[in-house]
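Please model the entire structure based on the sequences and the hints provided.
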Amino acid sequence: MKPAASPRDFWFWTTLCIAGLFIVFLVYPLFSLFASSFVDPDSGGLTLAHYAQFFRKKYYYRALLNSMSVTACVTVLAVLIGAPMAYLTSAFHIRGKKFLDVMIIVSMLSPPFIGAYSWILLGGRSGVITTFVSDYLGLRMPTIYGFTGILLVLTLKLYPFVYLYVSGALKSIDVSLSEAAESLGCDPLKKVFTIVLPLVTPTVLAGGLLVFMNALADFGTPMLIGEGFVVMPVLIYSEFVSEMGGQANFAAALAAIMVVLTCLIFLGQKYVVNKKSFTMSALRPMKPSALAPLPNAMAHTFIYVLVFLSIIPQLTVVYTSFMKVNGVVFTSGYSLDSYRVIFDKLGTAISNTYLYGLVAIAIIVLLGMFIAYLATRRRNLITSMIDTFTMFPYIIPGSVLGITLLLAFNKPPFILSGTALIIILAFVVRRLPYTLRSSAAILYQISPSVEEASISLGCSPMKTFFKVTAIMMLPGVMAGAILSWITVINELSASVILYTGGTRTMSVSIYTEVIRASYGTAAALSSILTLTTIISLMIFFKLTGGKELAL
Amino acid sequence: MSVSIHVENVVKQYGQVTIIPDLSVDIENGEFFTLLGPSGCGKTTLLRMIAGFNSIEAGTIRFDDQVINAIPAHKRNIGMVFQNYAIFPHLNVRKNVEYGLQFRDVPKAEVAKRVDDILKTVRIEEYQERLPERLSGGQQQRVALARAIVVHPNVLLMDEPLSNLDAKLRVEMRGAIRDIQNKVGITTVYVTHDQEEALCISDRIAVMRDGIIQQINAPQAIYSRPANTFVATFIGHSNLFKTTLSGQELRFSPDYSVNMGGQVRGDAPSGGAVTGVRPEEFSLAQPGKGLAARVVKTTFLGRYVNYELEFADASLLPDQAAIEFSQDIGTAKRVFRTGETIHLEVNPEKINVFTEAGASLMQGVTP
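Line by line, the protein sequences give chains W and L. So that you can map any letter, position 68 of the first sequence is 68 in this note's numbering, and since no number is skipped, the others follow by simple counting. So that you can map any letter, position 232 of the second sequence is 232 in this note's numbering, and since no number is skipped, the others follow by simple counting.
Please note: incorrect hints may appear among the correct ones.
Computed list of lysine-lysine pairs in BS3-like fashion (alpha-carbon distance at most 27 Å, straight line) [claimed, not checked]: (1) W:K171 with W:K98; (2) W:K191 with L:K75; (3) W:K345 with W:K324; (4) W:K345 with W:K275; (5) L:K113 with L:K183; (6) W:K171 with W:K275; (7) W:K276 with L:K95; (8) L:K108 with W:K190; (9) L:K120 with L:K108; (10) W:K191 with W:K275; (11) W:K275 with W:K190; (12) L:K120 with W:K270; (13) L:K183 with L:K168; (14) W:K191 with W:K97; (15) L:K95 with W:K190; (16) L:K95 with L:K108; (17) L:K108 with L:K75; (18) W:K191 with L:K95; (19) L:K297 with L:K242; (20) W:K542 with W:K467; (21) L:K75 with W:K190; (22) W:K191 with L:K113; (23) W:K287 with W:K191; (24) L:K297 with L:K333; (25) L:K95 with W:K275; (26) W:K171 with W:K276; (27) L:K168 with L:K120; (28) L:K113 with L:K95; (29) W:K190 with L:K113; (30) W:K171 with W:K287; (31) W:K542 with W:K171; (32) W:K345 with W:K98; (33) L:K95 with W:K171; (34) L:K108 with W:K191; (35) W:K287 with L:K108; (36) L:K108 with L:K183; (37) W:K171 with W:K270; (38) L:K183 with L:K75; (39) L:K350 with L:K242.
Hints in this document: simulated from the structure, not taken from any laboratory.
Laid out in structure tokens, this is it:
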């Protein structure tokens, strides 16, 4: 690197390096994925047979229909729960709102498959609730497996996105808008529909999109609780695993279909939101008021029941992790057996999680700061393309990314499959956006003249970045890095495809233990993961002074 | 339609803090009534009580004969213009103006006609399809006004509507507001801290301080005969002199006194009094007559020259170090320089005499 050689300064070379990284680790793999979906594994020639096969066989295209139906239902339900909840907690006094918020965030940030397997423990074939209902009430519970289970778990897991988004948007509505409506003769209920709702509609759509993308891409939940109800990520995974050794061309075609679909939905949402969006800033945000006794009781019931339901999985895993086990079966009484077992047998999974996570975070922080800087301060064709590429993780489901990386790096010149590096790579690609966005957000608040002052005093652009800009960016970067960290350690859908015996992480181990029906060890691992998440969240709140999460 | 407003003994408290201890005022049907005072005097609080956004702890507010204390804001049929305009950002200009009519059972054809008329009145008809973010501050102001008037409210309430505009636009808009109010003839309560704005726009002004009305009267009456020294200094500028009163004779110094010619109340006690003299109520006297003062600072303002003057005898001015004197450039023989000594007389027909506690002693002045 040659700093200060004017147009080819430090940032010129940084741009080149990052562009190179993106081409090798993102563009090239995606290209290979699309390419291999058109390749006939036997002859090596070009073919559309994989796509034809998908749309011909009901077993295959039904997975797509299943995915779309369950995802659409999850999105609608999540919006119907999250948006009213956000309005109630913003407009009215709700007891214990701080505590509720923390519970909601914990339930949102812990791995989705923990929800699936806790609900199996409770409502599954031999679940606690199921047994209770049949033994004492003589009734048969409706099955929790399949569509219902996925809907239940994903809705409870994902409505917090809508809740947090809409809560944020409601804070930006000035109270005078609502008073203006009242002064013109609008009653409080009509006001919600004619003023408040239209104003938060773009936000509701953005939150809904996030829910949709997450629900569509989620692998762990439908894998555990879906049983016969096969959705796309599960189909991709099982086709890929059964094709291993071959070229995995059919799985690549499935993945390509999914990426095209998510792209279309993403662009469609962007178009709608851009048409509807407007800027608002509140000098006097809405203040919560008191509700009449009956509506007040109803609002509290609604909120507390939902938050309790969404935190049930965490309570269940922590409780069951302390239950006595005989082999893999729970018996009465309590013990630390499960913890003993995981430290004996699965100790590497724990150390792997923290090791890979920390390495990934180090790379994420460095890349996030550089890319944020380039995209905000050195805007040109290449840097804006890099900025666009960082949006990819939104549209590429984790399992698809796993397959993409594996297909690209299991042959020379890059043989990375089976190494820790490929898992770290997946972590970085998937979780970079959190750090990137919070870094960019804080950069917009730092005046460029501060850097110019440093350079005018004789400090090179590179030194200025590290001595001045980077230090001023740090609070924003750290806040994003903790979110990246929490989501890295909970990552499953890509790592479950990329892991081998030696590189398994905690979330992968929880998944494999649940598949083996070894619920005690799964619960113990989940508890450790949940505890790490909660501690990280507390650090986040400490660092940001109780600011909301920017997702 | 338009109503009179009767505020009787209202009290406003936030927790332990009393904002308005006991306030009564009657606002006549169709008048443009301004609440004027420094920030924190309770003027916006009172306005929001009339609007229904603040609770009323005690006392009553009536629109004509109807007590409105318990009527929620959306049923009071008011039109309100907010300080930040509060234009709905998701609706275009026309939809913003139409908004209030949907709650009032107005036939469709009449809605269109009323909206067309009001858009024309406030002169924004060419922007009716625009979204608010593409409007200037003055245009947003006009939309806010149109939206409040189009519903034919009982009263029009305006909360510092011009404070976010630049100086030139402020002057233009206050003219427009006054014209439109005249045309519509609606009872208007207007809140401002800008005394010039209040003087030029209002039929009557209530000057407020610490939740108490100091004086209610027409602008000219308030300016020329303020009820107390607070009003005298808050509205325009008054130089407050320490003087002695005996009967109609008002003595400034051993050498200078004036006869008030019956303007001071007959029952005014003899002894110490505070006299308020506005900068333009002085005239130049022959050397050796009047009050001698030294020029400290000269400020040329075009039509006027403003002087800052000091007296040799500091006890003449209990609360100020210097006085202000305005010289009309059209009649001035010459402009004085810093350091020169000049002699001033006061105009006994204009000046105001107050008790030492600050209440007016002038004939016929009531709070």
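Quick rundown of the hints versus the structure:
no.: 1; hint: W:K171 with W:K98; in the structure: holds, 16 Å
no.: 2; hint: W:K191 with L:K75; in the structure: holds, 13 Å
no.: 3; hint: W:K345 with W:K324; in the structure: holds, 18 Å
no.: 4; hint: W:K345 with W:K275; in the structure: violated, 55 Å
no.: 5; hint: L:K113 with L:K183; in the structure: holds, 17 Å
no.: 6; hint: W:K171 with W:K275; in the structure: holds, 22 Å
no.: 7; hint: W:K276 with L:K95; in the structure: holds, 15 Å
no.: 8; hint: L:K108 with W:K190; in the structure: holds, 20 Å
no.: 9; hint: L:K120 with L:K108; in the structure: holds, 19 Å
no.: 10; hint: W:K191 with W:K275; in the structure: holds, 23 Å
no.: 11; hint: W:K275 with W:K190; in the structure: holds, 24 Å
no.: 12; hint: L:K120 with W:K270; in the structure: violated, 37 Å
no.: 13; hint: L:K183 with L:K168; in the structure: holds, 23 Å
no.: 14; hint: W:K191 with W:K97; in the structure: holds, 24 Å
no.: 15; hint: L:K95 with W:K190; in the structure: holds, 16 Å
no.: 16; hint: L:K95 with L:K108; in the structure: holds, 13 Å
no.: 17; hint: L:K108 with L:K75; in the structure: holds, 21 Å
no.: 18; hint: W:K191 with L:K95; in the structure: holds, 15 Å
no.: 19; hint: L:K297 with L:K242; in the structure: holds, 23 Å
no.: 20; hint: W:K542 with W:K467; in the structure: holds, 25 Å
no.: 21; hint: L:K75 with W:K190; in the structure: holds, 13 Å
no.: 22; hint: W:K191 with L:K113; in the structure: holds, 25 Å
no.: 23; hint: W:K287 with W:K191; in the structure: holds, 15 Å
no.: 24; hint: L:K297 with L:K333; in the structure: holds, 18 Å
no.: 25; hint: L:K95 with W:K275; in the structure: holds, 17 Å
no.: 26; hint: W:K171 with W:K276; in the structure: holds, 19 Å
no.: 27; hint: L:K168 with L:K120; in the structure: holds, 22 Å
no.: 28; hint: L:K113 with L:K95; in the structure: holds, 14 Å
no.: 29; hint: W:K190 with L:K113; in the structure: holds, 25 Å
no.: 30; hint: W:K171 with W:K287; in the structure: holds, 9 Å
no.: 31; hint: W:K542 with W:K171; in the structure: holds, 21 Å
no.: 32; hint: W:K345 with W:K98; in the structure: violated, 39 Å
no.: 33; hint: L:K95 with W:K171; in the structure: holds, 24 Å
no.: 34; hint: L:K108 with W:K191; in the structure: holds, 21 Å
no.: 35; hint: W:K287 with L:K108; in the structure: violated, 36 Å
no.: 36; hint: L:K108 with L:K183; in the structure: holds, 24 Å
no.: 37; hint: W:K171 with W:K270; in the structure: holds, 22 Å
no.: 38; hint: L:K183 with L:K75; in the structure: holds, 25 Å
no.: 39; hint: L:K350 with L:K242; in the structure: holds, 17 Å
This entry does not satisfy hints 4, 12, 32, 35, going by the numbered hints stated previously.
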